[in-house]
Amino acid sequence: MRTLFAGLASVIALTTTFSTAAVSAEWPPANKPVQIIVPSPGGGGTGDTIARLIADQLSQKLDGNFIVENHAGANGNIGAGIAAEAPNDGTRLLFSWAGTLAVSPSLYRKLPFDPQKSFDAIGLVAHVPNILVVNNDLPVNNLAEFTDYVKKHPGIVNFGSTGNGSSMHLAGELYMAATNTNMVHVPYSAPGQATTNLISGEIQSMFQLIPGIVGQLKAGNVKALGIMATERSSTLPDVPTMEEQGHPELLSATWFALLAPKGTPADIIERTNKALNEILQDPEVKQKLANMGAATLGGTPHDLDNLLAYELKKWNKVITDADIQIQ
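FYI, in mature numbering (1 follows the signal peptide of the UniProt record, and there is no 0) the residues of the sequence shown are -21 to -1, 1 to 306.
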């Protein structure tokens, strides 16, 4: 599965292998918009911003009216639940991400959707890797030095996150399991406060997402030790990957995907997937995503199904082993 995820960035240049079929009559509909449900608040978050970019591009590519409909709450579970119950006629789609689709099933006892049974995959859109960043005063400059320091100070080094079960938290747990180290998790309700405390030294490290820390890195306020992806980020090309530093298993990213309610006609899935892949090959779209710290993915619905199945198992093990619970 690591090979699959590594190859998805280049697979968007390939054509999909659907059988030719007549597109469902009058789709996209001329008299009503196609609503893309985004399970987060509007207002400029990375997921919402990417969703609006894709909606605008789909409107142009498919000669329709694709609009974003935000439904925030419960780590995206409310919005995903609404999408799961939506009509499967192509008039409502779901734009969601790893936290809701691959992590929530292991954190919540009851969900209003099943990530594998409630939806038909359309395709992967992009991913934003986690990046290990540390306070400038910490006497380390690479992953090996950081790991050695943490081992010499067990239970002393803190790492901040945006809460229990968040991408930053799970990335930290993944790191500790892989390196047999022990750090203290400090959850924050406000991401900005976590970053402020990292700069001041109240916490020593974070497994941040690139968009949330790139400004501070370029200003020299914190140090980056490694990106949890198979390739370096075009946004931070000088930061090595964890694989380059001897830990290829340290992969963690928030990936974004487009799905449809289960039973949506196959020709609608096919046409939307084809348009999505063409959109993700556009240099202007690639650059806009890169400016957000995101890398394009794409590929077939089967690629999304495979990644989701793998990530469900991966994060379930991390959550179970670390006994992570939503409080």
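Please note that the accuracy of each hint is not assured.
Stated by the list, open to error - Below, simulated BS3-like cross-link-like pairs (lysine-lysine); rule was C-alpha separation at most 25 Å, straight line:
(1) Lys241 with Lys96
(2) Lys253 with Lys40
(3) Lys202 with Lys131
(4) Lys197 with Lys265
(5) Lys241 with Lys89
(6) Lys265 with Lys96
(7) Lys293 with Lys89
(8) Lys265 with Lys253
Just so you know, these hints were derived from the structure itself, not from any lab.
Please read these numbers as outputs of a predicted model, since none were measured by experiment.
Outcome of the hint check:
{"no.": "1", "hint": "Lys241 with Lys96", "in the structure": "holds (7 Å)"}
{"no.": "2", "hint": "Lys253 with Lys40", "in the structure": "holds (10 Å)"}
{"no.": "3", "hint": "Lys202 with Lys131", "in the structure": "holds (20 Å)"}
{"no.": "4", "hint": "Lys197 with Lys265", "in the structure": "holds (21 Å)"}
{"no.": "5", "hint": "Lys241 with Lys89", "in the structure": "holds (19 Å)"}
{"no.": "6", "hint": "Lys265 with Lys96", "in the structure": "violated (31 Å)"}
{"no.": "7", "hint": "Lys293 with Lys89", "in the structure": "holds (20 Å)"}
{"no.": "8", "hint": "Lys265 with Lys253", "in the structure": "holds (16 Å)"}
Going through the hint list in order, the structure does not satisfy hint 6, though it satisfies all others.
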